[in-house]
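*Asks:* Given these sequences and hints, build the entire structure.
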Amino acid sequence: AQSVTQPDIHITVSEGASLELRCNYSYGATPYLFWYVQSPGQGLQLLLKYFSGDTLVQGIKGFEAEFKRSQSSFNLRKPSVHWSDAAEYFCAVDTKLSNFGNEKLTFGTGTRLTIIP
Amino acid sequence: DSGVTQTPKHLITATGQRVTLRCSPRSGDLSVYWYQQSLDQGLQFLIQYYNGEERAKGNILERFSAQQFPDLHSELNLSSLELGDSALYFCASSVEAGTIGEKLFFGSGTQLSVL
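Chains as they are written, first to last, in my numbering: chain L, 1 to 117; chain F, 1001 to 1115.
There may be inaccurate statements among the hints.
[What the hints assert, rightly or not] Stretches of chain L that chain F covers, calculated by requiring three or more beta carbons in the stretch to come under 8 Å of a beta carbon on chain F:
1) 83 to 94
2) 108 to 115
[What the hints assert, rightly or not] Looking from chain F toward chain L, a few residues come up when the C-beta cut is under 10 Å (computed):
3) Gln1006
4) Lys1009
5) Tyr1033
6) Tyr1035
7) Gln1037
8) Gly1042
9) Phe1045
10) Gly1058
11) Phe1106
12) Ser1108
13) Gly1109
For the record, the hints were derived by calculation from the structure and aren't laboratory data. Where is the CB? At the ideal position from N, CA and C, for every residue including glycine.
*Replies:* The following block contains the structure:
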């Protein structure tokens, strides 16, 4: 069965420092992969996605992620974090839901990012 | 603002009670998904409706049910509530029945607290 693992529950980084959030997936076929961000009191917002092609994808807010098939990973990175990046980050894989062709998102458990001055 | 509206934002109730959560999808979206976010289970897909019909079920308990009305808004009914049902319940909508994650728009959720 498909699954997504985010091994880091909580990460703290200093403002201006670089960031990498880890994500590993388990899925039999070529996955569609996503990173979402959830700010306090808000719903999930899509940061970036990977479907195929270039394994380094760019997203909004200066984030990028790299798909590594050999490692079954899709880690999120940002060269320099801002205090406004403090939020919960979710990695997700899009999988077949039924023979109707529907799909559902399977989410990781999330990584909470804290930014210190 | 995603365009998906969920009400109420917060709900406090007691064990054994029944509550109804409401979701209005984005204008033009036909598909509604319900997700539960809890500390121990993370984000779990519950159920999907498309144009009034149930399309797929996920990890939804028998005590929970949902429906989508002709005006496309959806309600999630939670009954015989238990402490463990305390969670953030998200609704998401999309235009199509089959969707890829980029086409999914999430509401800001209903925080349910069962005391």
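*Asks:* Look at each hint and say if it fits the structure.
*Replies:* Hints versus structure:
no.: 1; hint: 83 to 94; in the structure: holds (count 3)
no.: 2; hint: 108 to 115; in the structure: holds (count 3)
no.: 3; hint: Gln1006; in the structure: 8 Å, holds
no.: 4; hint: Lys1009; in the structure: 8 Å, holds
no.: 5; hint: Tyr1033; in the structure: 8 Å, holds
no.: 6; hint: Tyr1035; in the structure: 8 Å, holds
no.: 7; hint: Gln1037; in the structure: 9 Å, holds
no.: 8; hint: Gly1042; in the structure: 4 Å, holds
no.: 9; hint: Phe1045; in the structure: 5 Å, holds
no.: 10; hint: Gly1058; in the structure: 7 Å, holds
no.: 11; hint: Phe1106; in the structure: 4 Å, holds
no.: 12; hint: Ser1108; in the structure: 5 Å, holds
no.: 13; hint: Gly1109; in the structure: 6 Å, holds
Taken one by one, the earlier hints all hold for this structure without exception.
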